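Peer 1: These protein sequences, in sequence, are chains A and B.
Numbering of the first sequence is given in the numbering used here, commencing with residue 1 and proceeding in unit increments.
Numbering of the second sequence is given in the numbering used here, commencing with residue 1001 and proceeding in unit increments.
Calculated directly from the structure, the hints in this document are not laboratory data.
Honestly, I wouldn't trust all of these hints.
[What the hints assert, rightly or not] Stretch-level coverage of chain B by chain A, calculated; a stretch enters the list once three of its residues show a Cβ under 8 Å from a Cβ in chain A:
#1 1075 to 1084
#2 1146 to 1153
#3 1182 to 1195
A quick note: this is a predicted structure, and the numbers were derived from the prediction, not measured.
In this text, a Cβ means the ideal position worked out from N, Cα and C, and glycines have one as well.
There are 2 protein chains.
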Amino acid sequence: MTLKTKNQKPKTAVVLASGGLDSCVAAAVARREFDLAMFHANYGQRSLEQELEAFRAQAAFFQAAATLEVDLNYLGVIGGSCLTDLDQTVPTGEVEPPGIPSTYVPFRNTNLLAAAVAWAEVLGAEAVFIGANVLDNPGYPDCRPEYFEAFSRVLELGARPETHLVIHTPLIHLDKAGIVRLGLKLGAPLGLSWSCYQGDLRACGRCSSCRLRLKGFAAAGVPDPIPYQP
Amino acid sequence: MTLKTKNQKPKTAVVLASGGLDSCVAAAVARREFDLAMFHANYGQRSLEQELEAFRAQAAFFQAAATLEVDLNYLGVIGGSCLTDLDQTVPTGEVEPPGIPSTYVPFRNTNLLAAAVAWAEVLGAEAVFIGANVLDNPGYPDCRPEYFEAFSRVLELGARPETHLVIHTPLIHLDKAGIVRLGLKLGAPLGLSWSCYQGDLRACGRCSSCRLRLKGFAAAGVPDPIPYQP
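Use the sequences and the hints to build the structure in full.
Peer 2: Listed below in structure tokens is the structure:
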């Protein structure tokens, strides 16, 4: 029999938390086993202010043991994505053309994970959670299971030998409806999440991210708690 | 027979250039085949100003087609290294204790490579050069050949399928004397490089990086062209 005493040192997980729906549910999964160290990145995205507000509200909800907001705005300077380049438009068509979406931010997940792992290593955390999922985002190369397996090998070889961090992708095989259902089951604060790619005060309801979210709630048979533009 | 015409589109390589000796020589290797896009990062290191000055002087020398100076100062905020934490001291003993050196910056090379690859992807570059070498730095996990192999797999899986970037580590098996010799052979501007970990106007000659550099020049049988503190 294993006894868990009250003085047992809590385990910590770093959660990559954009403020969005997926990472909100990933945080709820992590919270079942870990104290949370919640990580947010500014990379020059249009919706930064809304994401930051959502991130902070979620961190308060989850009683995060630590938070870190980092500035990766060089990704915006580098460009190559409609999310950071204001001269490009965000797609609103329901069906995305095949190939890499224009919302792809070059090598974003590797940049996010690299920063989050550095923090996790200094904190002595045991896990890093990321809400990536592949079913609804088949065009993003850095959201696939094999990508995370490869990154785990870099982590194993590139960090201190005594660092034993595990990358968790609890949503990787869920679609948006499944993510909504899991979030509801775990009591995740879905109403505090922000998904819209645009930088307006209310979600647009038309960009590819809003459409995917609304479709997910509809398929799960529950209303989306956040307000949308009329 | 293959003819190279004047109108042939030049190939571009991104070079991770700290301003130091190793990356200066790596840039000289890259320059034989590529136009250079030179990348520098501020990560809160003590010697940032000296490194930046060296980086810019080297970029001018190599007639870099593009330069990018990015701010990764979250690495300094995260801490965990004597290079970024002013409460720690930089080691000056000639022999480092075994294990991970206190100059290890958590997961630094992955953070640097992630940013450099994002830029390379947007530029449409064909290669990324990094001056990492393992013989004189056996304690750094992210300077070993197997680490770069693992990172190459992340690059293959995490970037656009049409991105075919190769990570080059031309100095990986050279010691400092070998790096000095190669730099001299290629006409690298070694006098424009800065290695000292301290942030003083002249190199200290005592920190582990200065010692390694001076030993390398001595073993190569040439004087180090940069001035040192008396």
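Peer 1: With reference to the structure, classify each hint as holding or not holding.
Peer 2: Right, here's what the structure says about each hint:
| no. | hint | verdict |
| --- | --- | --- |
| 1 | 1075 to 1084 | holds (count 5) |
| 2 | 1146 to 1153 | holds (count 5) |
| 3 | 1182 to 1195 | violated (count 0) |
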